[in-house]
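Trainee: Take these sequences, add in the hints, and give me the full structure.
Chains as they are written, first to last, in my numbering: chain A, 1 to 191; chain B, 1 to 185.
A portion of the hints provided could be inaccurate.
[To be verified] Estimated spans, in silico, between C-beta atoms of each pair:
| no. | chain 1 | residue 1 | chain 2 | residue 2 | range |
| --- | --- | --- | --- | --- | --- |
| 1 | A | Ser50 | B | Ala45 | 48 to 56 Å |
| 2 | A | Thr135 | B | Asn156 | 45 to 53 Å |
| 3 | B | Lys62 | A | Pro154 | 51 to 59 Å |
| 4 | B | Asn174 | A | Val26 | 29 to 37 Å |
No lab work stands behind these hints: they were computed from the structure. The C-beta atom is built at its ideal place from N, Cα and C for all residues, glycine as well.
Below, each chain spelled out in residue letters.
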Amino acid sequence: MKRFLALALLASAMASGAAQAAPVGVSVGVFGGLSVPVLQDVSTSSFSPSDAFGPTGSQIGFRVPVKAIPVVTLEPYYAKSSYKDRTDTIGGISYTRDGFDGKSFGLNAILGDPTGSGFHFFPYFGIGKTKLTRTGEEINKSGYNFGLGFGISPAQKISIQVRGEFAMVATGDTSRKFTNATAGLTYRLLH
Amino acid sequence: MKRHASKVLTLGLVLGLGLLCAGCILTSGQIQVNFDLPNFTGNSATGIVGTTIDLNTEKEYKDNKDKLKDLTDLAVLGKFTNNSATPVNVEVWMTPAPTNYLTAAGLAGDATKIKVWGPFSVAGNATKVIDWNASAQLFTVAGKAALLNEAKGDGNFTLYAVGAAGAYDFSVANGELVLVIDVGI
Numbered sequence: 001m002k003r004f005l006a007l008a009l010l011a012s013a014m015a016s017g018a019a020q021a022a023p024v025g026v027s028v029g030v031f032g033g034l035s036v037p038v039l040q041d042v043s044t045s046s047f048s049p050s051d052a053f054g055p056t057g058s059q060i061g062f063r064v065p066v067k068a069i070p071v072v073t074l075e076p077y078y079a080k081s082s083y084k085d086r087t088d089t090i091g092g093i094s095y096t097r098d099g100f101d102g103k104s105f106g107l108n109a110i111l112g113d114p115t116g117s118g119f120h121f122f123p124y125f126g127i128g129k130t131k132l133t134r135t136g137e138e139i140n141k142s143g144y145n146f147g148l149g150f151g152i153s154p155a156q157k158i159s160i161q162v163r164g165e166f167a168m169v170a171t172g173d174t175s176r177k178f179t180n181a182t183a184g185l186t187y188r189l190l191h
Numbered sequence: 001m002k003r004h005a006s007k008v009l010t011l012g013l014v015l016g017l018g019l020l021c022a023g024c025i026l027t028s029g030q031i032q033v034n035f036d037l038p039n040f041t042g043n044s045a046t047g048i049v050g051t052t053i054d055l056n057t058e059k060e061y062k063d064n065k066d067k068l069k070d071l072t073d074l075a076v077l078g079k080f081t082n083n084s085a086t087p088v089n090v091e092v093w094m095t096p097a098p099t100n101y102l103t104a105a106g107l108a109g110d111a112t113k114i115k116v117w118g119p120f121s122v123a124g125n126a127t128k129v130i131d132w133n134a135s136a137q138l139f140t141v142a143g144k145a146a147l148l149n150e151a152k153g154d155g156n157f158t159l160y161a162v163g164a165a166g167a168y169d170f171s172v173a174n175g176e177l178v179l180v181i182d183v184g185i
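Mentor: Pasting the structure below:
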């Protein structure tokens, strides 16, 4: 968490300093899509590559891209995820384990402007805080993500974006990992 | 422009170093290990039966023991049958070293015993298959810590199922101990 706060302060300092030199662009956006657990609760005795991915879940959220410096867009975000229950036959009896419900917030650093005009790609990475809960288990830790998005602006002030990312929640020396594929709509408020 | 580029580079380096400092968190996973438990009974009049578990007999555990970091999820599963008309609250206790107590009184006298799980309530003359989610909630904090200690230690311990109080007579079939271990790969 200290690391996250330090990075947030660094980002704010950069943004405020640069804002004096460049016009600030602020947008708001919503997004939704799929989120798939990776290498979670797997059985290695009967492991096949497809087992690396758990039951597909969903993710929704909102973002506020802030363009204050020429090369990078800083983007605070909030997201909620919901993962499907998993059913296993153990000892001849079928059991169901709850999937996680997740809430996360953080800050993405995007190379370029995801709300820019035309068709464009933009890599990004981010840091944040994620809380995963299910019956009998709670994880509340720092999270990291990185990915690639592409955006298209079909009308002035409006941008449609599709993103694919890899996200993980650090749990000490290990992590809970997810792959996310989302689509979003962003409206440019300023700039 | 040069100033902006250096700021971007700094941000990238800081975030990149943050990821590296977190260790090899990318190369990790959660592996589920299921241990079959033999059918067993608990009877306040005729005695209890302990189940000694050697985690090293499970290949998934043995292969990942040296990389084990934590236990992330636990469950005792199975079909519980109450053979008496009185409701029973089943508890699972552990002795860190293998033991062979035949009575609840004998187990109660062991200073090293730790309550791992329960109570799981079964009505009189009823059979109940426990729900995985309910079972995960019944682990005690001390029990989780003790199991993690065993998983990181010699992996050899004994589990006992007993009634929480009063007279009881129950049996457990299709029993399983499910451990989800957090491993660095």
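Trainee: Tell me, which hint numbers fail for this structure?
Mentor: 2 and 4
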